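Chemist: Here is how the chains run, residue by residue.
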Amino acid sequence: MTFTGVGIGRGMAMGTVLQMPAPLPEPQDAPSALSVDAEKERAAVALAATAAGIRARGERAGGSAKDVLEAQAFMAEDPTLSDDVKARLETGKTAERAVFEAFASFRDLLVSMGGYMGERATDLDDVSQRVVAQLQGVEAPGVPDPDHQFVLVARDLAPADTALLNLDKVLGLITSDGGPTSHTAILAREKSIVAVVGVAGALDIPNGTTVIVDASTGAVTVDPDEDARFKAKIAIQERASLAKAPAGPGRLADDTAIPLLANLGSSGGAAEAVELGAEGVGLFRTEFLFLDSAQAPTVAEQQSQYSALFAAFPGKKVVVRALDAGADKPLSFLNDAPEENPALGLRGLRALRANEQILRDQLTAIRNAEAENTADVWVMAPMVSTLEETRYFTSIAREVGLKTAGVMIEVPSSALLADRILVDADFASIGTNDLTQYTLAADRLLGSVASFQDPWHPAVLRLVGEVGKAGAALGKPVGICGEAAADPLLAVVLVGLGATSLSMSPAALADVRAELRLYTIEQAQHFAELALKANSAMEARAAVSASASS
Amino acid sequence: MAERTVTIASTHGLHARPASIFTQAAAKAGVPVQLTKGEKTVNAASILGVISLGIDHNDDVVLSVEGDDANAVLDELAALLSTDHDAA
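If you're matching them up, the sequences are chains A and B in order. When we follow numbering that gives the first Met the number 0, the leftmost residue of the first sequence carries the number 0, and every step to the right adds one. When we follow numbering that gives the first Met the number 0, the leftmost residue of the second sequence carries the number 0, and every step to the right adds one.
Among these hints, one or two may not hold up.
Selected chain A positions facing chain B (in silico; Cβ < 10 Å) [claimed, not checked]: (1) D77; (2) T79; (3) D83.
By construction, these hints were calculated from the structure, which means they are not laboratory data. Since we're looking at a predicted model, the values are computed, not measured. Cβ coordinates follow ideal geometry from the N, Cα and C atoms, glycine included.
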């Protein structure tokens, strides 16, 4: 039997299914058969055992997941909650019901407070379910963590689930809900996990069943025969050896060169990126140097970090983005004022301009590090929205002695005026995540409007095309350094729209490289035309997919 | 019982991280500590209780401590509340 959904990426996986346990039903509000003291004892034991279990998982998970889980353990041990449970038990309720009601009342309180606290409400729900499961002696809901590899099947994954996912054990992901822009799909693309989303009927596949997950066709084959298993095994091995094979440069079928570059957030990932065939760095995020510090690091401190990165790419291009603070990553020394709409506030180059010394120090450190290495160093400014800002940044960069200064195109205004911006800037790099957010006016951190965050939208693609045209007319490079470049078919469309290089998380390089080899520049331009003519992101994706497989 | 009124310094109020730092310190005090904002009083060692007060920047809250070392505990906890944990 075969189910079909939307495949993410091009991978294939085979393994046994493990369903994410469904949420527990609400405990019944029936009088307890036990004494009040006996129920109090049960509740106290279950709360303590749950806290201990969560803490142990946190120790195993490490990293940011540990902090999330530690906070959850405190919730299970909370004295106010425990008092509330006891008060409810005095009225003769069962421990299950009392725990459920107590957590629910705090959850409602947090939701009513909104904002950050509202988001913690899901943590409370999770802890509540775990305590009730402990009381009932059943499996806790949430992401399973067995001691073997498995294919995870779920309705959809929440961000809190994916933080806890053990990627060494998960061979593939299947969801019954969620589309190509769901949180699960974004995670799968970022971590290069084989995934098929929106598979109706997936929740009915019994645990332990063998499945073949083929992301390139979106097919999930349940209980495959020997022949199909054998073919899948060969295909998986071939892909694995392809990914390990020495990767050539990015090229189209007609040998048009499209350099494939890496997005890096620290110098630590450089070796892996080189191994995966990155031809340079298309986006080096510098925020890591500044986060968690009360003031900007010194020129010398920054210089040693930049130099470590440049040394990993001798003779290669490395594009460094000036500090991009604000919205999702506020830095108190840059902008301390609370803002109603941080995405539209004093962020990116705007914040640097208000603190020009920080910008000058950073560019000086980059210039000094460049002198110690042979890397071809480019710098760019984040969130540029006017021609005047472009001139401001490039003039300081050139004054400091940097030879290649460009801008990020993330705001529709700069995409529309790219023909003027690129007269001054040496290059443009399109940040598709923010460009999509600003074009569709949908906060990309807000789950309720996540469906708008789709870079296939023809309005976004039209803006990319404007920048591509301007780059071609003026002979200036136009790079892409957003989520979009990691989607193999969309990468081809972006090349058709005029992108001259693509930068992405290193895990995505192999699939994009293989996809580019399939098409000529004329075919890429034809795909771009089809996508631009579509009325929606979904139509654009469907039209190009149909043309590509015909 | 000793009491002290403190003005909250953290820019975003007593939410999340500042609340967790404060409640863990209160739990370690070894004596019962209560936190009052307006009409409502909660156990200061309870993160859910403290969060439920919805304490914002510049709000005045009352710390009450019982026991012998009340003043030393008050000094420590009051210092935490009058530090801006969002500035770090």
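Chemist: For every hint, state whether the structure bears it out.
Modeler: Here is how each hint holds up against the structure:
no.	hint	in the structure
1	D77	5 Å, holds
2	T79	4 Å, holds
3	D83	9 Å, holds
Taken one by one, the earlier hints all hold for this structure without exception.
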